[in-house]
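Colleague: Under full-length UniProt numbering, the residue at position 75 of the sequence shown is numbered 75, and the numbers go up by one with no gaps.
Derived by calculation from the structure, the hints in this document are not laboratory data. All C-beta atoms, glycine included, are put in the ideal place defined by N, C-alpha and C. Take every hint as true, because none was put in to throw you off.
Listed next, with one range per pair, are the computed distances between beta-carbon atoms:
| # | residue 1 | residue 2 | range |
| --- | --- | --- | --- |
| 1 | L13 | W260 | 34 to 42 Å |
| 2 | D333 | T247 | 28 to 36 Å |
| 3 | I269 | H51 | 57 to 65 Å |
| 4 | I74 | E238 | 47 to 55 Å |
Under the rule of at most 20 Å between Cα atoms (straight-line distance), these lysine to aspartate or glutamate pairs were calculated in the EDC-like manner:
| # | residue 1 | residue 2 |
| --- | --- | --- |
| 5 | K261 | E246 |
| 6 | K261 | E238 |
| 7 | K307 | D35 |
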Amino acid sequence: MSRWQYFLRRVVLAVPVVFFAMSLVFLVIRAGPRDPVAAALGQNQNPEIAHRMRVQMGIINPDGTPVPLWEQYIDFMTDLVTLSLGQTWVINRGASVLDLIIARAPITIWLGFWSVLIALLIGIPLGFYAGLRPNTFPDYFASFGGIVWRAMPNFWLAIILSSVLVSSEGLTEDLIGVPLSWSDFLIETDVIGTASLANLGDPVSLIAAVKWILPPAIVLGSASMGNEMRIGRTAVLETINSAYVETARAKGLGRRVIVWKHVFRNALIPLVPVISSEAFVLIGGSVLVETVFAINGLGKLTFDAVKQGDLALAGGLLFVFAIFLQIVNIVQDLLYTLIDPRIGYDQS
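Using the sequences plus the hints, can you model the full thing?
Modeller: Okay, here's the thing in structure tokens:
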């Protein structure tokens, strides 16, 4: 089986998984206890307007008779396949769900990029460094740091960090004699962040966008950083004591060649699922982190949609997340074959 055949097979197998996930979402949205019309209009709703909204949502027919649930399900799935996600019911009522997702996606992508980058550039090197120097002070220090970062809840760390940064001007002036204020970036995130992202080619805007996203990215990447550090250390210890490394030493290969050619490459194999699983952490963690830091990305949009009962918007967001997670799983399988040539595409 060629690489492209394997890729195509994985895409085909991902389709029923997405449909099953969205079937569960449909049951929660349409058969759940929350009335979308009551969420949109409130308790004191006009009967004519409520009737019109239910017709637009496909809940009832124009004559007032209820639309069968199976027919609603077919319409729901057809809209997903054609990317006709409909309009929001509560948040920005009447706006296109797809347009709203596209507008908020760059902010979450920017946050996810830096949180993954921070986790990779800190967690993996620390883990490998600790694994190459077992039972030393750097090893103990890195291991303790990984446990602490892994144990701290994202929402708690986000609240503490945002509180510290609000008063950062006074703190940095006392410590280093230079007032560095983050409060404007934390308070006016929507204006400053969106404007900076729109013009990343400008060095000033790039620095502003990085400064704006760095605190939430550190919070979001903290758990992944601790995981990568601990698993990277364990992988290096297992690899460096393996038989083929001992054979390489017996052949007279230098330490640098052994470490870079044999140890690091094989130690990356168990890290692949950890790195790819960060996508799951990003989706769940971004909801909390974006809410605490008032970042208007997809995470905060999901929180607002669920909280305010905008079920059409919540369904569209969950559809996008389901597709994203399937893409991550496919990329993870492909990375396995690139890092470890022993893994093939055969079904055996």
